[in-house]
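Novice: Next come the chains, spelled out residue by residue.
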Amino acid sequence: MTIFLQATAEGLSLAGIYSLVAIGFVLIYKSMDVLSFAQPALAVVGAGIISSLAVDRGLPFWISLVLGVSLTGILSLLIERTFLRPMVGEPVFSVAILTIGIDILLRTTLDNWIGLNPRYMGDPFPSYGNFGSISINGVTLKYLELAAFSTAVIMIIALNIFFKKSKYGVAMRATSFDQEAAMAQGINVGRIFGLVWFIAGLLAAFAGFFITGGFNTLSQLSFTFALRALPAVVIGGLDSIPGAVVGSIVIGLTQGYVAYYQISFEEFVGFSLGSGFSLVAPYLIMFIILIFKPDGLFGTKEVERV
Amino acid sequence: MRKRPNLYTNYQDENAIFSNSTQKAWFFALIIFSISICFVASDYWLLLLTRSLTFAIGAWGINIVSGLAGQISLAHGSFIGIGVYAAAVLGGTATSSVIGYELDMLFWLPLAGVVSALVGLIIAPITVRLKGLNLGLVTLALVFICSHIFSNWTSVTGGAGIGRKVAQIKLFGVNLENGLTLGNIFLEREQLLYLICFFFCVLLGFGFKNLVRSRVGRAFAAIRDGDIAAEALGVNLFRYKATAFGLASFYAGVGGALASTISGGVEPGSFNLLFSILAVAIIIIGGVGTVLGPLFGAFFYIMFPGLIQSLFKATGIGEQSLALNLGQIEAIVFGLFIILFLIFEPRGLWGIWFRLRNYFKAWPFSY
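Read top to bottom, the protein sequences are chains F and Z.
In terms of this note's numbering, the first sequence has 128 at position 128, counting the first letter as 1, and numbering is strictly consecutive.
In terms of this note's numbering, the second sequence has 1077 at position 77, counting the first letter as 1, and numbering is strictly consecutive.
Warning: the hint list may mix true and false statements.
What the hints assert, rightly or not - Below are the DSSO-like pairs computed for lysine-lysine, each with C-alpha atoms no more than 30 angstroms apart in a straight line:
#1 Z:K1313 - Z:K1209
#2 F:K167 - F:K30
#3 Z:K1209 - Z:K1024
#4 Z:K1165 - F:K301
#5 F:K30 - F:K301
#6 Z:K1131 - F:K30
#7 F:K30 - F:K165
#8 F:K293 - Z:K1024
#9 Z:K1024 - Z:K1361
Said to hold, decoys possible - Sample of chain Z residues with no beta-carbon within 12 angstroms of chain F, all distances over it, derived:
#10 E1014
#11 S1021
#12 L1137
Hints listed in this document are in silico derivations from the structure and should not be mistaken for laboratory results.
Model, not experiment: these values are computed from the prediction.
Think of the CB as a built atom: it goes at the ideal place given N, C-alpha and C, for glycine as much as any other residue.
Please construct the entire structure, taking both the sequences and the accompanying hints into account.
Specialist: Structure, rendered in C-alpha cells:
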C-alpha cells in the first residue's frame, strides 16, 4: 500500500508538471490552430535562464525565478511575432514543422550553453535543506513535487478565472471560437495571439523549473521530459483544457505506476519490457487511445466539409 | 514540330519521362559526369556524395507518403532503422552478442526494403484511419516505441550505446570490402560503394518518376487533394494509403541499408525523433511532392557541412575560436533553413531551380 501511495504521489506531481506544458499546447492550438513543437524547448530554455541567473550570476533565487519565467514569456511572444505571424492561414502541418525548426534553434543554442555538466537551479529555501522532503506514513514527498503539484493547481484555477472574468480572457475565448467574427467585434486578434504565446511561455518556464529543479538538474536530455506532455495533450484532445489536465493525470500516473510496478509485472507475465519502459509508456497509451478515439478523450470531433 | 518544346499532341508524350531530347541529352551527360567523378574526387567528398545518394533514396520514400499521398509521417526515421537492422541481420557477421547470416547483397538489400515495407503495412490499419495532425502524432508515438525496441532488442541491434556492425558488401559471391580489381583498374571500397549507391539511386529515382505518372500516383494525388472526394470518385482509400506507407517504407529500408554500409556500424540511439524530422526537413528544403526535390534536399543537407568546413579552412578561422562547434552551427543553420523555406519558398530548392530555369529559358525577356 505504501508503494501504491508513493507511486500515486509521484505520478500526481508529474501530472502537475505535464499539465503546465500541456495547457500551453492547448491554448496555442485552440487560438491559432497551431501545434507548437517548440513548447518543450521553451520549458528547458526557461530553466536555463533561471539557472544562469540564480547560479552563474548569483542573483537571489526568487528574483531569478520571476525574471526567468517572464523572459521566457517574452521570448515566446517574440517567436510568435517573427516566425508564426507570416504563417497565418498556412496548412497546419507546415506550421507544425516550422515550430520544429524553432525547437532545433532554441535547443541547439541551449545545449551549447549547458555543455556536458548538468546545471543546478538554485535553492528557494536554503534553511529547509537542499530541496528536502517530508515523510507521511512512510510515503516520501519531496517539497519540489508538492510545489509542482500546487503550482499547477493554482495556475489552472487562475487561468480559469482569467478566461471567465477578465476582458482579455473573454476576448481569447472569442478568438478561439471564430477569428474573423472576433475581429469584426473589434478584438485585436494579433494581440491575442501574442498574449496566448506569452502565457504558454510562462507556463512552460514554470514546468521547466520543476522538471530540472532540485537533484533532477538541467542537462541536454531534460527536453525529453517536457516532450512527454505531448501525449498528455493528445490523449485529452488537442483543443480541450480539461482534457489536457485529465491527459496529464493519466500520463503522470502511468509513468509513476510503471516505474514502481514494472519489475513485479515482468515477473508475473514472464517477459521483459526493457529498461526505461516507464518513459515510453505514455507514447504507447497515446498510440492506443488514438486508435480508438482519433480526436482524444475530450476533443471536439472534427467535422469536415467536402 | 521540333522547335515547339511545349506542344504535345498526345497524352503519352506529355507524360513521358523526358519531355524533349534536350532533357534526355542533359540527363545522360549527368550520368556520365557522375560516374567519372568517382575516379577524380577524394575519398572525403566521395563518401559525402554516396551519403547524399542514399539519403535521397530515403527522402523519396517520405516524399511518396507525405508529398504524393499527403499523409504525414514522422516515423520515417524508424522505418529507415528497421531497414538498417534487417540488412544488418541478413548481411552482417554474427558475433557472441548479435546475430547475422552473411548473405549476399543481392538478398539483403531487397529484403531490407521488404521487411521495412511489411512493418509499414502491418501498422497501416492504424495509420489509414487517421489523418492530418493525429496521424502525425501517432507516427510520433511510433518513433518512441521503435527506438525503445531498438535499444532493448540486443540480439539484433547490439543494444543502446554499443551498436553493431552492419551488412557486408558482397555481390555475386565476391567480397568487395577490400576493393576490386577489374582488368588493370583497381576500384577502392569507397568507389565501389559510390557506384552501387549511384546505380540504386538512379533506379529508384526512375521508380519514383514512374510512380508519379502511373495510376497509383494519380490516386495518391487525388487522396492528397481531398481524400473524401477521392473516395467518392472510386479511389479505394484503404488500399492506396496502405500502398503509400508500404512503398515509402520500402524506399526507407533500401536507403537505410545502403547508408549504413558507408559507416560500417550503427547505434540504436541514432534513430531518434530528430532523425525522423530530418527526413521531413529534407523534403521541405528540397521541394515537397517533386521528383528532383528530395535529391536536391539530400545533397544540400549532406554537402552543407562539408561546405562550411571548407569555408572555415579557406578563411583560416579555427574551429576552436568559435562560440559554437561545427555540429551546432549545422543544426542552427539547418533549423533556420527549415523556417525560412517554409515562410519564403514552400516549394523548396526545386522551386528556386524552377524559377531560375524559366528565367534563363526566356532570357532576355522577363516571361
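Novice: Now tell me if each hint is right for this structure.
Specialist: To see whether the hints hold, each was checked on the structure:
| no. | hint | in the structure |
| --- | --- | --- |
| 1 | Z:K1313 - Z:K1209 | 39 angstroms, violated |
| 2 | F:K167 - F:K30 | 18 angstroms, holds |
| 3 | Z:K1209 - Z:K1024 | 14 angstroms, holds |
| 4 | Z:K1165 - F:K301 | 48 angstroms, violated |
| 5 | F:K30 - F:K301 | 14 angstroms, holds |
| 6 | Z:K1131 - F:K30 | 19 angstroms, holds |
| 7 | F:K30 - F:K165 | 19 angstroms, holds |
| 8 | F:K293 - Z:K1024 | 51 angstroms, violated |
| 9 | Z:K1024 - Z:K1361 | 17 angstroms, holds |
| 10 | E1014 | 29 angstroms, holds |
| 11 | S1021 | 38 angstroms, holds |
| 12 | L1137 | 5 angstroms, violated |
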